[in-house]
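If you read the sequences in order, they're chains C and A.
Be aware that the first sequence starts at 1, since it is given in full-length UniProt numbering, and climbs by one per residue.
Be aware that the second sequence starts at 1, since it is given in full-length UniProt numbering, and climbs by one per residue.
Treat the hints loosely; a few may be bogus.
It does not matter which identical chain is used: a pair holds within one copy or between any two.
[Claimed, not checked] Derived lysine-lysine pairs resembling DSS-like cross-links, with alpha carbons at most 25 Å apart:
(1) Lys11 x Lys75
(2) Lys75 x Lys17
(3) Lys138 x Lys8
(4) Lys58 x Lys129
(5) Lys138 x Lys75
(6) Lys16 x Lys75
(7) Lys158 x Lys31
(8) Lys58 x Lys8
(9) Lys4 x Lys58
If you are wondering where the hints come from, they were derived from the structure by calculation, not from laboratory data.
Number of protein chains: 2
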Amino acid sequence: MVSKSQIKLIKSLSQKKFRNIHKLFVVEGVKGINEFLYSDYELVSIYSTRQKFDVSEKYHLMVEERDLKKISFLKTPQEALAVFKIPEDDSVSLNGLTVALDGVRDPGNLGTIIRLCDWFGVENLICSKDTVDCYNTKVVQASMGSLTRVNVQYSDLKSFLLANRDFPIVGTLLEGDNIYKASLPASAIIIMGNEANGISEEIKDLISLSLNIPQFGSLQKTESLNVATATAVVLSEFRRG
Amino acid sequence: MVSKSQIKLIKSLSQKKFRNIHKLFVVEGVKGINEFLYSDYELVSIYSTRQKFDVSEKYHLMVEERDLKKISFLKTPQEALAVFKIPEDDSVSLNGLTVALDGVRDPGNLGTIIRLCDWFGVENLICSKDTVDCYNTKVVQASMGSLTRVNVQYSDLKSFLLANRDFPIVGTLLEGDNIYKASLPASAIIIMGNEANGISEEIKDLISLSLNIPQFGSLQKTESLNVATATAVVLSEFRRG
Numbered sequence: 001m002v003s004k005s006q007i008k009l010i011k012s013l014s015q016k017k018f019r020n021i022h023k024l025f026v027v028e029g030v031k032g033i034n035e036f037l038y039s040d041y042e043l044v045s046i047y048s049t050r051q052k053f054d055v056s057e058k059y060h061l062m063v064e065e066r067d068l069k070k071i072s073f074l075k076t077p078q079e080a081l082a083v084f085k086i087p088e089d090d091s092v093s094l095n096g097l098t099v100a101l102d103g104v105r106d107p108g109n110l111g112t113i114i115r116l117c118d119w120f121g122v123e124n125l126i127c128s129k130d131t132v133d134c135y136n137t138k139v140v141q142a143s144m145g146s147l148t149r150v151n152v153q154y155s156d157l158k159s160f161l162l163a164n165r166d167f168p169i170v171g172t173l174l175e176g177d178n179i180y181k182a183s184l185p186a187s188a189i190i191i192m193g194n195e196a197n198g199i200s201e202e203i204k205d206l207i208s209l210s211l212n213i214p215q216f217g218s219l220q221k222t223e224s225l226n227v228a229t230a231t232a233v234v235l236s237e238f239r240r241g
Numbered sequence: 001m002v003s004k005s006q007i008k009l010i011k012s013l014s015q016k017k018f019r020n021i022h023k024l025f026v027v028e029g030v031k032g033i034n035e036f037l038y039s040d041y042e043l044v045s046i047y048s049t050r051q052k053f054d055v056s057e058k059y060h061l062m063v064e065e066r067d068l069k070k071i072s073f074l075k076t077p078q079e080a081l082a083v084f085k086i087p088e089d090d091s092v093s094l095n096g097l098t099v100a101l102d103g104v105r106d107p108g109n110l111g112t113i114i115r116l117c118d119w120f121g122v123e124n125l126i127c128s129k130d131t132v133d134c135y136n137t138k139v140v141q142a143s144m145g146s147l148t149r150v151n152v153q154y155s156d157l158k159s160f161l162l163a164n165r166d167f168p169i170v171g172t173l174l175e176g177d178n179i180y181k182a183s184l185p186a187s188a189i190i191i192m193g194n195e196a197n198g199i200s201e202e203i204k205d206l207i208s209l210s211l212n213i214p215q216f217g218s219l220q221k222t223e224s225l226n227v228a229t230a231t232a233v234v235l236s237e238f239r240r241g
């Protein structure tokens, strides 16, 4: 049985406001939960219909499917749901490549970018305050455990960049140099912008290396690349050496 | 006013079965509709609350917001909805790079891959029969008009590949050669696999050039790249020259 107050608490964690008050977030599905269990994240409780997890019984509640339905954020609950603590912000020590997001709003895009940082060995992901919360359930789902390996920090992006001007500050802009031909530094802060508006004016002013991903083919296109796929191309290009 | 029979017809187009029976699909939003209007797609009708489109009046219905709500597939309808004809399958004449999808199921992934093909000048996208339908509303939304510039064809993938063995058949596999170091052909069929299971066994057997996108960083990762971001990396690498 899940108590009414537990249901209320867990349900409230779908909202950023309550995640910040309680400093808690939700992970759903056996695979995702195991990734967080074997990381530095601190477990609060697991609710599971069948699957056993390798944790002390006091954290582990076996529940009926109908109870899981009451607390799950998914249309089709995935056998288990866990609550973890949101860690305190670490001080960031930049190292090699860093990605900085300027107002990315779509949870799927942020989740995908976290996976890309994980894949391409980017330790730190800096998010502007208006970027979607990385403990949003859809971000946690889309990041597939990579959130346990990438340090995601929210900060005032302009101040952050001004404090780190010893790193080249890279942005992809239409008028930038062809990324395939430019000489790319081993250490840099790579800025990726908002889905609709790109990089904001005040952040653009701080860019020291402006790059462009060229289009191919004969047809005229009105669209840009999606921010997550553009991040994939940029990180691949920086890493390929 | 939108008649009951129109509402019923349009609503039915959320299902592949009825799209195939009527040979019709839906585009929502002014920007998307304009992309399809200025393409070879044939318009059937536009339902709009305010926005005027540059088409004959017989195709153009001004409707109330509550009527648009009745026919829209979106939670928040976007000012206008249009119905277009699904074109007959063209015969495919392969040229340069072709992408072939082996069971991609997520509409967002297919939409993103269509955008990538558009960006990287890939004219033909071949989809296995179990790949999600490109006229699915979510695919149309995610492809952002690129569907008007990329020729998407569904076929039995094995037969298609057997009929085109004069092209190198490329697949990304764990045991493949480092894509950053391999010599890549200018013409090829690039196969991308299912989200959960990758490329199927019978298709794997046909691969003539097996490539791998290396991971970076010191931490051990359990996850692969998402199929859309992997497609971004592969197409970028083939095009960069």
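- Query: Hint numbers the structure violates, sorted upward?
  - Reply: Numbers 4 and 7 - these are the hints that the structure violates, sorted from lowest upward.
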